[in-house]
Every structure is written in structure tokens, then in C-alpha cells.
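Peer 1: Listed here are the chains, written in short residue letters.
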Amino acid sequence: MSTKIFAAIDVGSFELTLKIFEFAGKNKMKEIDCVHRRLDLGTDTYFDGKISNEKIDELCRTLNEFSDRMRAYKVNAYKAYGTSAIRETENTTIVQDQIAQHTGLKIEILSNSEQRFLDYKSLASRGENFSRIIEEKTAILDIGGGSIQLSLFDNDTLVSTQNLLLGVLRLQEYLNRFAVRSSQAESLIEEMAMAQLMIYKKLYLKDREIQNLIVMDDYVSACVVKKYGSNAMLETADYAAFREQIRSGSTTQAAMSLGISEEKVPLVFISAVLVERIADLMGARNIWAPGTTLCDGIAYEYAEKEKLLQGEHDFEKDIVACAANISKRYMGSKKRSDTLESITTTIFDSMKKIHGLGKRERLYLRLAAILHDCGKYISMMNIGETSYQIIMATEIIGLSHTERKIVANVVRFNHSRFVYYRQQTDQSRLDRDSYLIVAKLTAILRLASGLDRSHKQKLTGLKATLKDNKLILTVENQEDITLEKGFFEMRGEFFKEVFSVEPVLKQRKIF
Amino acid sequence: MAETDFKNPKYYANRELSWILFDRRVLNEARDKSIPLFERLKFLSITASNLDEFFMIRVASLQDMVNAKYDKPDIAGLTPSEQLKQLDAAIHQLVELQYSTYNRSILPQLRQNGLQVIRQHEELTESEAAFADKYFEENVYPVLTPMAVDSSRPFPLIRNKTLNIAALVRKKDEKKEMEFVTVQVPGVLSRIVPLPSEGKSKKIILLEEIIERNIHKLFLNYDIVSAHPYRIMRNADLTIEEDEAADLLKEIEKQLKKRQWGEAIRLEVEAGMDKRLLKILREELHMEESNIYKIDGPLDLTVLMQIYGLEGFERLKSSGHTPQPVPELPAGCNIFDEVRKGDVLLHHPYQTFEPVVDFIRQAARDPEVLAIKQTLYRVSGNSPIIAALALAAENGKQVTVLVELKARFDEEHNIVWAKMLEKAGCHVIYGLVGLKTHCKITLAVRREEDGIRRYVHLGTGNYNDATAKLYTDIGLLTCSEAIGEDATAVFNMLSGYSEPLVWNKLSLAPLWLKDKFLYLIDRERQYALEGRPARIIAKVNSLCDRDVIAALYRASTAGVRIDLIVRGICCLKTGIKGVSENITVRSIVGDFLEHGRIFYFQNNDRAEIYCGSADWMPRNLERRVEILFPVDTPRLKEKLLHILESQLRDNVKASVLQADGSYEKVDRRGKAMFHAQENFCREATEEARNSDSASSTVTRVFIPETHR
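Sequence order for the protein chains is A and B.
Under my numbering, think of the first position of the first sequence as 1, with each following residue one higher.
Under my numbering, think of the first position of the second sequence as 512, with each following residue one higher.
By construction, these hints were calculated from the structure, which means they are not laboratory data.
In this text, a Cβ means the ideal position worked out from N, Cα and C, and glycines have one as well.
Possibly wrong hints are sitting among the right ones.
[As the list claims (entries may be wrong)] Each pair of labels, with its calculated beta carbon distance range:
| id | chain 1 | residue 1 | chain 2 | residue 2 | range |
| --- | --- | --- | --- | --- | --- |
| 1 | A | S261 | B | P584 | 30 to 36 angstroms |
| 2 | A | M233 | B | G843 | 51 to 57 angstroms |
| 3 | A | Q245 | B | N1115 | 28 to 34 angstroms |
| 4 | A | S187 | B | E514 | 55 to 61 angstroms |
| 5 | A | L188 | B | E514 | 41 to 47 angstroms |
| 6 | B | E1133 | A | R61 | 27 to 33 angstroms |
Produce the complete structure using the sequences and hints provided.
Peer 2: Printed below as a string of C-alpha cells:
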């Protein structure tokens, strides 16, 4: 039978979710079961630093139920991800191990950028609707328990993405701590949020006009979907009317009219205030809350990987666009980046047999090429280190922490001395596999930047062929490439060391 | 003009008094000479067991309220003590009618038909008396436990609902005071004892008469001054009735000390009981005069059910109806294949319940079925469904069963087989906190060629193969994706997970169901106001929810034609000017217990029909998990509408609620007789026969079985 059953588990800050998906044939993704159970891990993590034993026990109990259910559906594969509550707890590894011992489930930890990327993929699982909306100027507001993520889209591509510590549970905890009266709550949420949002506006939004706001959260979206359906585009006025429902009346009344449990009302309230403020700040006219969740993204990612789904949206493009925007912010040269990107990928592609790396590593290389000189914004002297620091401090949506580290290191070693595996210091230590990737990609990037030493893009139309133990790079032009040739030989040393392949530069002058 | 206050108590009838009217309608069946004699016995027995239950639950509950000084008026504006007062009169009247029916009509006719019931042991002939005495010594004496009351022995605990004989005795040859003794008529022995008879006619005597006759053998050194049977009913319900308001619960908690658990609330004694004996009983049991029933005839008429079981009187019973095969689901078919061809509607007991049992059985065996989930409220003893579920679990399927332990009177029974299911590896959920799970739903998840498919059975009646032969119910078998998704969500919620974002088709109580009904009723009202076709037909067991009734009144004043088929309690009043002129209420009491709930809304000629497990009672809509499901297939909608229309046409078993609150049989002058239940039997038989002959032409070809 060609159908595949996949289970996605989200160990969130506020809720545990299991979704079962069925893939019956190409591009047929269907949710067949979905269960949620409330479990507030977030409060433990954010304010005590650790998840209590009682919560772990409850977590394991529920995960065991999940695993029973998965067994019943005979799932072919599953992915279980923990988000910020598990990620930020002090004893993450111990928690992971306890879960594995008690339930047999392997919980992987998502970094914020990976999580947001999956959230964002969950939107893409909505296909057409999503593609249509992001053709206009669109912002995605992804509200989590600990933080929110704001991403801007223009013309089908991601422009910027930024994380702000304005998560619903976090704000709620402050409100509890300050013993806020419910009548004050709204203005306090607004004050806390606006302080950060104004900075955001200054730095990222500037005068950009946003038409659509896509909202993703586990709180207000559910209510919107319940009331208007998951495909409804709400005009801001409609949304305001909806908001009014939560504002007026008691918690019990709100719970009744929204059809949710009372304990969830304050969280929905905070989320709703955030949505309203941000829509206002951006001047958005339409709000879309499709109610998709991380689990949808997890399934989408699995389906992409297993080639069960042919997505319309090119996510790699988003990651690259995101890197390009970082480079732009630090005055990187687009032309140089483009040249480097093209040279590195040419070399990479011709060397497939030798380096044995795949599509994902190719993406790292592209990102490293784009970000190769961002550090010069801080210091022209120490580009390697400063670039490394910038990349490590900037989120690149869709990359895990380890992946970001790989990219940062490739950029770093392009400029500074390569640090071998055994020489690594604790701070920037890489595991063996990552280390090898870094070495290989560094070798390629070094060679490539040697080829564009003059920054004059003399080597356009470069061709690469692998012959015996030689990588023959041919350029067809009439430029003087003495400088390039010189650096090429110098930089080729490391390449030779890593691949045992000698790079040779040939110029074929065409008259 | 100001809008009428549709919630004014004067527009409502008290539910307890309405219930008495229902029992009265059942009694009418016992009085109906056109019904076979033994069937009448059965109806009379039912009125008695109904009344017992009513006492234990409803009267006890009212008594609690009075004791707790809770005096909030009911829907009709009566306080609990006012209700008790009115009930008192009504019940006494009902009991009188029960016994006059028994004595004046049934007994003589039994005799005419060859069955003589000896009323008093004094009527026995000598040889019969000798037989009775021998029977006593051999069979009865060993199991009797006589108890005496004196200064060292307090008044014994007389068990609820048991039949006892009280006697006054005096020590032989002494002129001392009389003593009180009591002995329970043993429940382990049959209460009817056939006497040896010659010729065709049979004679029976009741066990208590034999004991009474021989009671001196229990107290050898005493003279028996007088001996009479009696029976008590206790407030034995340890839980607060779910029907009552939450504020009552608080009240009672406060007054807990004052509440006397298990206090006697009814005393039945033989008419003509020795006054001294009665006085002792009254004082010891703290009975008020109004709660004493002096009965001219055998106490506890449920004994008539045993008489009904006597052999040799088949000619005096109705021939009965054999539940017919369902044409869409012939015996031996693969239910999954058939349901995939289209939804199947089942109408029990006219059609057999077997396909429902088969559905679960096949699911248990089918290798492609991954999971079976079911709610169980009341099941029969030795239920084939339980066996199938256990088998499924043993076959490695995920089986989830919600067992409602709070099902009244069935608690102990339910625990036993719930444990059994657990042992077999089923995941058993023992009900939900604060809610009774009353919905009837089964889900089988099956892995098929093109993916997961969910098969769902939704019903209006319990998964009980025994009662399915007596209760009229509707069932729907479907594999509609929308309903399947909802069914999964229902079970997820029952397993303690959060509610899904959206429901496709099903409406659930206590979440949305009441609102849904109010919405549907109001929609008809809107159409009526716009001058469009607007009509409601609803068939329920009870109607006593104030909001629903008010909505119906409002719709009626807007011109919606409303026809209600309410078997039991109905707090709605018909024929009130400016309130309910467009509403009719009829009740059908027949051989089968009307049980299905069907709701028809004309909806501007885009009719919608729903079936469900919920009555229009506050407890169903607010304190139970219930499901209302739409039937969408045009063919099945027609079938349901036909069922409703047939019942509206009935002029044999239907009684119509009058403006004065009484029920009258339909006036059928000038009309042909139409008996809906009989008609359904006929239709089901014909349908089965037609499909049988259709398929038999096809099966003239032998089909070799190939290996599977």
C-alpha cells in the first residue's frame, strides 16, 4: 500500500499536541487525528529555570498515550519536537533522556529559527492561499509562549525576520507577578509590547506598508477559526469586533462565547491584544489566522523530505533571501556575493564525487558566500572573527543552531587561520561531522575568494571540470588575471590538503 | 404589543404530574379490551415497576428538597411541598385504578380464560391446601428468616422493595402483651406457585399467601393474632439526582445531617390490615399517613410479569414481531463494503439489531481495522458486543470503550464487564467527571487502499441487543468523512483531550447542542415571519426544558406549525391562546417502547432531519454528553420523514394532549384505523421479503469460495 502515516508531536510550552497525517499518493496530505492536552511547561522553564518532576511525569504519561495512539494507527514515521520550554530549561538533556527512557520517544529540540521555519512551512501546507497572500506585502506574526517572531514578505520572498521576547506566557507571568487588575491588563500589555515594537519598527519596518498580517498562535487563531473558518481573511474592522467580544464581559462569558476553557481566556486575551497592536503598527488591512500549527509544519517537512509532496513555495530561496538581507544590513557588496556564490557553487557541483556533500551543505556554502564579509562593517582588520560573531548573533530562519555555526565558521576560516579538530577550543567546538563539512566548505570558499581577489568579477563564465586529480577551472575572457592566479595558488594549498585535488586555473582567451 | 413572557410558569406543566399522566396512559393499555389479555397483564406490571422507580428517584428527591427546606418553585411554579401534595393525590388515584383494573377486569377475564389466581389462601380446597402446606414445608420454610421485635431486639432493617409479612403474636396460654414479628417473602423463590389442577384450567396462588397460611409454623409457641403482607420503598438513591439544580446540591450538603439516608418513603399494606399492626409499622418506619397505600390485591404488581411467563397461554399474547433483516445489509455481507456504497439507516426493532453487532464483530476480526471506539451506557447481560470488543483487543487493535458507570440502576452490572474488557486489553474510560455520557456512537478506523477510512455507527438507543427488540430506535451506519472526523474528535474529547477547532456535522451536548436546537427552532420562526413554509416535527421521550419550550411557543406564535410526538413527560401546554395554538402534542404507547429521537425542520423547503440521543430535558442538554447527528442522504431523509408522518397519522395507540392537560385517544370517527407500530412491522417485513426475492434470483448462480 502506498499510503504513509506520519505522526507529528509538538511538546510546546503550554500544550502537548499529537497530529496524525496520512499521505495517500502524491500531494495528498490529510490530517486524520489531532489531540491536544494542556500542560504548562513554560511557566516552569521561564521562571524557575527547570521543569518540575511532576510536570515531567505528566509529560511522559501523555506521551505514552500518544505513542499508543501512534501504534494504533501503525504510523510509518514520527517526529517529536520540543520547543522553547524544553530548549530553555537548564536540564534539557536530562529531560530528553527521561522521556526516551519512559516513553521510547525521541524528542528533538528545535531552535527558535527552526521552529519558526516549521511554523512558516505549516502555512505553506495551505498551498494556494498562502502563495496568493504573500505576493502582496505581508507580515507573519508567530506568537509563542516565550517569544514572538515577526517576518516580512515582499513579492513572494522573505525580507526579514526578527524574534522579540513578547511571548504570551511570558507576558502573562509578568501580569501575574505585578498582580494586575484585569482592567489594567490591556494597557500594561500594550506598554510592555510597544517598547520593543517601536524599536522593531525603526530598525526593520521603516516606511514599509504592510497589507496582510498572517497570525499563527495556539491561542487566538483557534477562536478565529472556530468563528470564521480557516480560510477567512478578516478585515481589521472585523477583527476589532471579534476582539471586543473578548474584552467585554467576564472571563466566564468570554469562555462561553469563544467556546474555550476559562484558563485559556487570559492567554487568548494577551495574544489578541498583540495581534491588534501589531496590525495597527504595520497598518495591515487584512488579517488571516489559518490556525495551522507546528505539527502541520513538521508533517510538511517530512513530506518534502520523503518526496510525498511537491510544495509550491521555495523555502531555500527564503533562507538565501534572509542571508542576503543580513549582508545588506552590514553593507555587504551584492555583486561580490553573487560572484562568490556562483563560483563556489560551480566548484561545489563539479566536485560532488569528491566531497560527497548534499543539497543542504550546498545551501550552507551559498549562505557563507553571501555573508562572507559582513564583519567588515565592524572592523576591516579582523573580518573573520567579527563576521563569525555577527552570524552567530543573527537568526537565519530555517537554520538550526548547529547549521548556523557551520556557516559562521566557514566564513571565519575564509579569513583567519583554520583551526583543526583537535585544536578546537570549547567555545566554538564542532562535532566531527560538522567539522568535516566546515573544512570542505572552507576549502571551496577560500579558493573561490582567491579567484575574485580584485573584487572586480573578472571570472564570470567560469567552468569547472574534474579530471584525474585535478580540478580544472576555465575562464573565457581577456581580462588580466595575474592577481587572481597568484592568490589562487596560495589559497589552493588548503583545497589540496582537504580534497587531495589540485586546482588549476586556465584562461582561454577568445579573440 | 408587549411580547408575551413565554417563560411564565402558568404556561408550563409540572413534570412529575405529567409523568403520572404517562403511567396512566400505560395503564390505559392494560384497560384496553382490544388488546390480548396477557399483553394487558404486562402493561399493568409495567405501570407498577414504573411507579416504583418513580418513587425511588423522583418522590425521594422531592422529599429531600422538603427536608432541606429548599423551596424554589419548578418550571410550573410549584414548590416541592406543593408538588408532593399534588402528587400524593394523583398517585393514590393511579394506584386505585391499577387495582380496580386488576380486580374488576383482569382477574375475572383470566378466570374465564382458564387461569384462576387464588386471592386468599382461605379459598383453597382441602387438597390444594394440603399441597400448599407441603410446598411450604419442603421449599419455603428452609429459606425463611423470621424476626421478632422486643426490648432486646430492635426493629429490623426492612430491605427496600422487598415483600414482607408482618404479624402480631401472643405467647400461648399467656395473656401477656402481643409481640410484633416480621418475615421476608424470599426473593429466591418464584412468587407464583401453580397448584395441581384437573382439566384445562390452571390455578395459581401467590407465595405470600402460602407463607401467611403457615406462619404459625415459624412461631411455634405463639398464637398468631393477625398476619398481613407489607412492602416499603426507601429513599435509597445515594446520589443527588442529576436533574436537580446545582444550588440544591449545596443546600443539601448544608443540611446533610438532617437528611435521613434510606428513610422509608412509601408503605404499602394489604387493605384491611390489623390496625394495631399498621400502627406499629407506621411508627417504626416514621411514615406519614399520606405515604401509606392500603391495597386491595397483591402488593407489587410486577408479579404479573411472572404470570405473563406462564406456559400455555400463547393464544392470549400478541404474536410478536421478528426483527427483519436490513435489505442493504444482508446476513453474511461485509458491512464495510456495503456501507461504502452508501449510508444505511436502521429502524429497530422493526429491523434487526444484528448488523450493529456484526459491525463490531467484523471490525474485531478485520485485519485492516486499526481501532474501535465505543460508548456503552447500558448493555445486556452476556452481551455479544462486549465479547467482540474483547476479541478486538486480543487481536491487537486499539479498543477504547467509555463505560458509563453512572447509568442508573446499572452501576454494579457495568463494573463487572468493564473489568472484563480491561483484562482483555481494552482501554476503558469510566465516565467523565460531572457528566453522564449518554451518546451512542461507535467508530471503527480502517486502513484501506486509498487511506484511512472511518466507519461510524450513531444511534438513538443503547448498544443493547436485548432492549433493541423492544425499544424503537434509529441507527445510522456511515463512512462519511465529515462524520468520521467528528467521531474521532468525540472520542478524543472523551479521552480527556481538548475540543477540536471545528465540528463538521455533529452537535454535542453539553457544548453546543442546546444552542443548536434553539437556533433551528428560531430559524423556522424567522421563515414563518417571512411567510415562507415553516414546520417542526419532533419526536422525543420527554420535553421539559424551559428554554426549548419557550422557543417553541415563540415559534408557534409566529405561525410555525409544530407537531410533537412526546412519549413521556411533557411540560409544554397546548392550546393556549396567543402562545401555543399551533402546537400539537401526541404520545404513543404501544407494544414497543418509543425511544428514538427524531427532529424535522422544514427550513424553507430545504428540510433538515436530525436524530440523536438527547431528549429536550435540561439534564440531556446540560449535564450529559449527547450527540445530535444530521441525516443528509435524501433517500434516508424520506424514510425518517415517513416514520414521523406515520406516527402523526396513528389513531390507535396515540393519545393527544388536550388544552386542559389531559390526554385523549385520537378521535377516529370516519377514519380508517392506522396503527403506526404495526405498520412499521409490516413495512419492514415486506421490504425484507422484496429484497430477498430480488437477491434470490441473483444467487441462482453458485459462487465458489476462493481462498482469502
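Peer 1: Give a verdict on every hint.
Peer 2: Right, here's what the structure says about each hint:
1. One distance hint, 30 to 36 angstroms for the beta-carbon pair S261 (chain A) and P584 (chain B), holds here, with the actual separation near 33 angstroms.
2. The hinted window of 51 to 57 angstroms between M233 (chain A) and G843 (chain B) holds, with their beta carbons roughly 53 angstroms apart.
3. The supplied range of 28 to 34 angstroms is met by Q245 (chain A) and N1115 (chain B), whose beta-carbon atoms lie about 29 angstroms from each other.
4. Checked against the hint of 55 to 61 angstroms, the pair S187 (chain A) and E514 (chain B) fails, with Cβ atoms roughly 41 angstroms apart.
5. Range check, L188 (chain A) to E514 (chain B): about 44 angstroms between beta-carbon atoms, so the 41 to 47 angstroms window is met.
6. Here the CB-CB span from E1133 (chain B) to R61 (chain A) is close to 31 angstroms, well matched to the stated 27 to 33 angstroms.
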